[in-house]
Amino acid sequence: MTIYLMTIAILLLIAPLLLSFIKALKMWLLYKKPISIFQGYRNFSKLMQKETLVSQEASIITRVAPFLVLSPLLATLLFLPPVTHGAFYVSFVDAFTITGLISLSTFFLMLLGLDSASSFGGMGSSREAFIAALVEPAMVLTIFSVSMMAGDLGVGQAGANLTAHFPKEHTASFLFAGISFFILLVAENGRIPVDNPETHLELTMVHEAMILDISGVYLAIVEAASSVKFIIFSSLFASLFMPFGMQFGFLAALVIFLAKLFLIATAIAVIEVNTAKLRLFKVPNLLGIAIVFAFLSLITFYVLGA
Amino acid sequence: MGIDFFIGLFLATLIVALFTARLYRLILWYSMNSLALGILALMVGKSLDDEAMLITGVATLVIKAVGIPYMLKYFSEKFHFVRQIQPQIKTHYAIMLIPAILVFTFYLSEPITHMVEGNANYVAVSISSLFLSLLLMMEHRHVAPKIIGFLSMENALFLLGITATGGMPMLVELGIFFDLLMAIVVMNLLFHKEEEVRS
Chain L
7 MTIYLMTIAI LLLIAPLLLS FIKALKMWLL YKKPISIFQG YRNFSKLMQK
57 ETLVSQEASI ITRVAPFLVL SPLLATLLFL PPVTHGAFYV SFVDAFTITG
107 LISLSTFFLM LLGLDSASSF GGMGSSREAF IAALVEPAMV LTIFSVSMMA
157 GDLGVGQAGA NLTAHFPKEH TASFLFAGIS FFILLVAENG RIPVDNPETH
207 LELTMVHEAM ILDISGVYLA IVEAASSVKF IIFSSLFASL FMPFGMQFGF
257 LAALVIFLAK LFLIATAIAV IEVNTAKLRL FKVPNLLGIA IVFAFLSLIT
307 FYVLGA
Chain B
846 MGIDFFIGLF LATLIVALFT ARLYRLILWY SMNSLALGIL ALMVGKSLDD
896 EAMLITGVAT LVIKAVGIPY MLKYFSEKFH FVRQIQPQIK THYAIMLIPA
946 ILVFTFYLSE PITHMVEGNA NYVAVSISSL FLSLLLMMEH RHVAPKIIGF
996 LSMENALFLL GITATGGMPM LVELGIFFDL LMAIVVMNLL FHKEEEVRS
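Protein chains in written order, with the working numbering: chain L, 7 to 312; chain B, 846 to 1044.
Same shape as in the complex, but just chain L (with noise of 0.2 Å):
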């Protein structure tokens, strides 16, 4: 219980931290001079100063909804698999609940954008929903054909199962469910070829769009929210996709559990500076592939037994 309490704490602690050096990454990428790694504390900490200014049209869904957008992807990281072997883990929680929570917490970010009643909130709002419809079914069905490859349809279970024993015969299979998971990966968090986390463009922005509106707190909530959502997605693909070295002791299996998530990471910022980001119109053609590989994983593990 103990390690299972630690690994929270640990997950939330770096996850500003993994965003921050992503951005740093990509600066040096880029022969620019990288932002400090730590960015993303120093920012978290002086929007908490900040004074909390809510517009004047704004129900009671702003001084709500910030927390809602939070509080179900707290609940998700609690259902996490385990990181070493032996640990505390939730084992009935499966592809349908952590959907449904990351689901909910995007419903609430969706309302607050449309609260205050600027176009460029319902323009976010109208082009998040259009991305998360997308995403959910192939999230589940990546996730349950996963799942059924570990023997277990709980995600905790399952992520112990994958590393207790790999189903080598079901290598295939295993592989399109993770090429899948990493496009819902991308797409999700709102990364390059689907969403620039950076500009303020009215074109192309989707998640700035939907926070314009907000500030002081809700906005380092909302914020932080987000970076959870990197971490839980992240360490979803670390535990499921690359099952290996959670037999050392605790703290072993830890350093190789954040070097898998940073690993992601520095995958995650090549991609952004090698691609240009997707028209929005384009963007249900990388999901349709998303969508085709998971539904490929399920019926090749299914029919062929691969």
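Accuracy of the hints is not assured; some may be wrong.
Stated by the list, open to error - Computed list of lysine-lysine pairs in DSS-like fashion (alpha-carbon distance at most 25 Å, straight line):
(1) L/Lys-174 <-> L/Lys-266
(2) B/Lys-935 <-> B/Lys-991
(3) L/Lys-288 <-> B/Lys-991
(4) L/Lys-283 <-> B/Lys-935
(5) L/Lys-52 <-> L/Lys-29
(6) L/Lys-174 <-> B/Lys-891
To be verified - One-sided excerpt, in silico: chain L residues whose CB lies under 7 Å from chain B:
(7) Ala-178
(8) Leu-181
(9) Ile-185
(10) Val-298
(11) Val-309
To be verified - Sample of chain B residues with no beta-carbon within 10 Å of chain L, all distances over it, derived:
(12) Ile-884
(13) Asp-895
(14) Lys-991
(15) Val-1031
Just so you know, the hints here were simulated from the structure itself, not pulled from any lab data.
Beta carbons: idealized from backbone N, C-alpha and C, even for Gly.
Given the structure of chain L, go ahead and fit chain B onto it with the hints provided.
Below, chain B alone, put in the same frame as chain L:
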């Protein structure tokens, strides 16, 4: 485990190629497809202890993964091919069509898989990639992507050969390689002709 991984990679690169709308990217995916195939041939050859298959694997890596993509790119620069190759079948339909083809071919190949001993599902994957390369040929209007579809079909047949029969005779393989090289040369002439007609 390794063979399963590369079989997956083979099918994955083919599926991504079906969604590509850029010629150079399509050539890159074809090259990746051939790379997976070459590594597969090497692995299968090593497990069967078949030296001839090792030679064909190396030949696949050299000719199909490097040589043919390089030549295709060279031609497309020389003859100024259209590089925006939007598939005729819209992505929305392709998302439904590709899984349908996969399911169909997986069940289609089920009777065959009972006859083959050992890794029966490789047969299913190669037959489905055969159908997918057919789709790749169908969904494009321009010549160059059609050629790539044709070459992918050859890759699928090669995969069927190495996995189902436990090693084709090397003579046949080398014959196919020379055929392909001849086909590329003939295509070069064709493009040359087309260029003359257009100008």
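Hints, one by one, checked against the model:
1. L/Lys-174 <-> L/Lys-266: holds (21 Å)
2. B/Lys-935 <-> B/Lys-991: holds (17 Å)
3. L/Lys-288 <-> B/Lys-991: Holds - the C-alpha atoms of B/Lys-991 and L/Lys-288 are around 23 Å apart, at most 25 Å.
4. L/Lys-283 <-> B/Lys-935: Measuring from Cα to Cα gives roughly 21 Å; hence the hint holds.
5. L/Lys-52 <-> L/Lys-29: holds (18 Å)
6. L/Lys-174 <-> B/Lys-891: holds (19 Å)
7. Ala-178: holds (3 Å)
8. Leu-181: Given a least distance of 4 Å, the restraint on L/Leu-181 holds.
9. Ile-185: This hint holds: L/Ile-185 lies near chain B, its Cβ roughly 6 Å from the closest one there, short of 7 Å.
10. Val-298: With a closest approach of 5 Å, the L/Val-298 hint holds.
11. Val-309: holds (4 Å)
12. Ile-884: For B/Ile-884, whose nearest Cβ neighbour in chain L is about 14 Å away, the distance exceeds 10 Å, so it holds.
13. Asp-895: holds (23 Å)
14. Lys-991: holds (21 Å)
15. Val-1031: holds (34 Å)
Of the numbered hints given earlier, the model fails none.
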